[in-house]
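There are 2 protein chains.
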Amino acid sequence: MKSREIRLTQHFTGPVKPEYFEMTEVDLPDPQAGQIQVKNAWLSVDPYMRGRMIGIKTYVDPFQVGQPMEGGAVGQVVKSNAEGFSEGDWVMSMNGWREGWTASAEGVTKIDTNLLPAEAYLGIAGLTGMTAYVGIKKMIGLKEGETLWMSAGAGAVGSAGIQFAKAMGAKVLATAGGDEKTAFCKELGADAVVDYKAVDDLSAAVREAAKPLGGIDAYFENVGGDHLQAALDAIKAHGRMAVCGMIARYNDNEPLPGPTNLTQIVAKKLTLQGFIVSDHFDVYSDFVSDLSNWMMAGKVKTRDTVFEGIDKTPDAFMGLFTGANIGKMLVKL
Amino acid sequence: MKSREIRLTQHFTGPVKPEYFEMTEVDLPDPQAGQIQVKNAWLSVDPYMRGRMIGIKTYVDPFQVGQPMEGGAVGQVVKSNAEGFSEGDWVMSMNGWREGWTASAEGVTKIDTNLLPAEAYLGIAGLTGMTAYVGIKKMIGLKEGETLWMSAGAGAVGSAGIQFAKAMGAKVLATAGGDEKTAFCKELGADAVVDYKAVDDLSAAVREAAKPLGGIDAYFENVGGDHLQAALDAIKAHGRMAVCGMIARYNDNEPLPGPTNLTQIVAKKLTLQGFIVSDHFDVYSDFVSDLSNWMMAGKVKTRDTVFEGIDKTPDAFMGLFTGANIGKMLVKL
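Quick note, the sequences are listed as chains A and B, same order.
Taking numbering that gives the first Met the number 0 as reference, the numbering of the first sequence is continuous, increasing by one, and the terminal residue is 332.
Taking numbering that gives the first Met the number 0 as reference, the numbering of the second sequence is continuous, increasing by one, and the terminal residue is 332.
The following block holds chain A by itself, in its conformation from the complex (with noise of 0.2 Å):
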């Protein structure tokens, strides 16, 4: 079987161009004792990988330059040497960018497209919901009654972040670019939503908007810069703040200022905490559990974003930067 894969060129910071990747096509060799043949359905894009492609290490490996980037993928076994995997089952990898592989089944997934269809587990069902569900859960604490303030919240983790704190009995304020994301938002439950491309004073515009909410206790940081700014402006005293990324931040030349106001760390005695998904597997199960009643009382839905074809993965990816998917960003291979 032959395969075509996405590398990366050169290790880069500042904005992504499509030169940094390039498109070639290999022999899949047969599986050995312990490996399987898997061909690729979707593919997964995420805001995380462009972390990879700087060259340093955080808190994973860089991206290998000349080798085939890593990334969620679900597919079909085509060919299986080992021990409970079979032609034709669904998996999920790390094994993404490309259109195939072979290796070893260690670390493998087999998912069940019977209860959710492929793609869920690339988003929903798996890390992004998790993202967002860990965040909301366990770095917060979101109590019923509450309000979160969503950053991002038409984006893939914030759309699934809206409808979780509304399953769990809170009230959420969502921001987002834009009339389409703004009512994707409202659509998915939010009870307030600010477009941030149509105000002057995102704080002002976020205080007013949570009001009626009683204002803001919680937020999820998605985007740094302006709206990190805002949000240490506009929360109430002793709120926490999940901190998952800034997306904003990761395509400056050269690393910019951080908001003028992180005295009110003390002045109000915030708790900033960061958090990488991968940390905190021990609620696993809670979240399996509680996204199976969720989805079985119609609390949440799912929309994607989706580019087809293997070569257009870079584009999918480049999109994730200027705000191009409303939902999980996927490549439909």
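A portion of the hints provided could be inaccurate.
Repeated chains share a single entry, so a pair holds when one copy, or any two copies, can fit it.
Stated by the list, open to error - Under the rule of at most 25 Å between Cα atoms (straight-line distance), these lysine-lysine pairs were calculated in the PhoX-like manner:
(1) K210 / K56
(2) K56 / K235
(3) K56 / K268
(4) K56 / K267
(5) K136 / K267
(6) K137 / K267
(7) K137 / K235
(8) K300 / K109
(9) K185 / K300
(10) K136 / K268
(11) K137 / K268
(12) K268 / K142
(13) K268 / K235
(14) K300 / K331
(15) K311 / K38
(16) K331 / K38
(17) K165 / K235
(18) K235 / K185
These are calculated hints, taken from the structure and not from any lab test.
Add chain B to chain A, keeping to what the hints say.
Just chain B now, with coordinates in the frame of chain A:
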């Protein structure tokens, strides 16, 4: 009895200037039922008071223009009309910035000057020591063998914190400015000391100095600005920061940008916890008990910087922002 007191002439931002203070003499009335008259012996000046001079409510109400300011003070009862207080009793109150006062005895605490000198109740055995204790023990949860970076190590909170952390079995890297202050940090038991005024790259200097200590597990934030930037850079993954204050920022004419490396909160999964000591009196008895044991074991020493006379109180206060104090800044009357 006559008393001279320091009043605020206006609310202000930017550097503190002498003209923002005026001294007035008042006649103290005789105490009514429930009141006492007290002659203060020692006054405390503290960085947090700066926030009360801006005129905006933060976690405490602003000082009133034309009224005597408030602050920690210890003194002796001159006349009592309140149960439980007799002439000659030593008491601690928030009626500082003045030579004497007649007011309700409510909230006034009797202190034992046989146990400790009166002024210690404004420092290591008072809110200053308690602040260091709460930050290290409750916010950070510092463990034996871990390494704490104490910023402003020669200051009031910092010098208490170095000794408390050592007494808890942790290692301490302290930062301070100039030879005398760094020598004082060493005297207090700091395992490594960096003179931030003598290095170009604070982050690199701290990393290097922390190497023999196994790196930085936790950071006690008193400074802000370049110190916070360096701490985000130098701290280890899963590091905890107790955010007690940011003295470098309090006198800015306009808010200055924060660190450029806040994405480290995500990448290193950091916890930043702002706090105010008055929210944490639940650990007060632990503090008293630990402090007594450490003092009896000779593990805690104190040093004060003393200005003399009520008219010098504004100078003492302004000195906090120019680094004029080693240990606790006090005014002796």
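Here is what the structure says about each hint:
{"no.": "1", "hint": "K210 / K56", "in the structure": "between (42 Å within a copy, 19 Å between copies)"}
{"no.": "2", "hint": "K56 / K235", "in the structure": "between (35 Å within a copy, 13 Å between copies)"}
{"no.": "3", "hint": "K56 / K268", "in the structure": "between (32 Å within a copy, 14 Å between copies)"}
{"no.": "4", "hint": "K56 / K267", "in the structure": "between (34 Å within a copy, 11 Å between copies)"}
{"no.": "5", "hint": "K136 / K267", "in the structure": "both (22 Å within a copy, 20 Å between copies)"}
{"no.": "6", "hint": "K137 / K267", "in the structure": "both (21 Å within a copy, 17 Å between copies)"}
{"no.": "7", "hint": "K137 / K235", "in the structure": "both (19 Å within a copy, 21 Å between copies)"}
{"no.": "8", "hint": "K300 / K109", "in the structure": "within (23 Å within a copy, 62 Å between copies)"}
{"no.": "9", "hint": "K185 / K300", "in the structure": "within (12 Å within a copy, 60 Å between copies)"}
{"no.": "10", "hint": "K136 / K268", "in the structure": "both (20 Å within a copy, 16 Å between copies)"}
{"no.": "11", "hint": "K137 / K268", "in the structure": "both (19 Å within a copy, 13 Å between copies)"}
{"no.": "12", "hint": "K268 / K142", "in the structure": "both (18 Å within a copy, 23 Å between copies)"}
{"no.": "13", "hint": "K268 / K235", "in the structure": "both (9 Å within a copy, 23 Å between copies)"}
{"no.": "14", "hint": "K300 / K331", "in the structure": "within (20 Å within a copy, 68 Å between copies)"}
{"no.": "15", "hint": "K311 / K38", "in the structure": "within (17 Å within a copy, 79 Å between copies)"}
{"no.": "16", "hint": "K331 / K38", "in the structure": "within (12 Å within a copy, 80 Å between copies)"}
{"no.": "17", "hint": "K165 / K235", "in the structure": "within (20 Å within a copy, 35 Å between copies)"}
{"no.": "18", "hint": "K235 / K185", "in the structure": "within (23 Å within a copy, 40 Å between copies)"}
When held up to the earlier numbered hints, the structure conflicts with none and fits them all.
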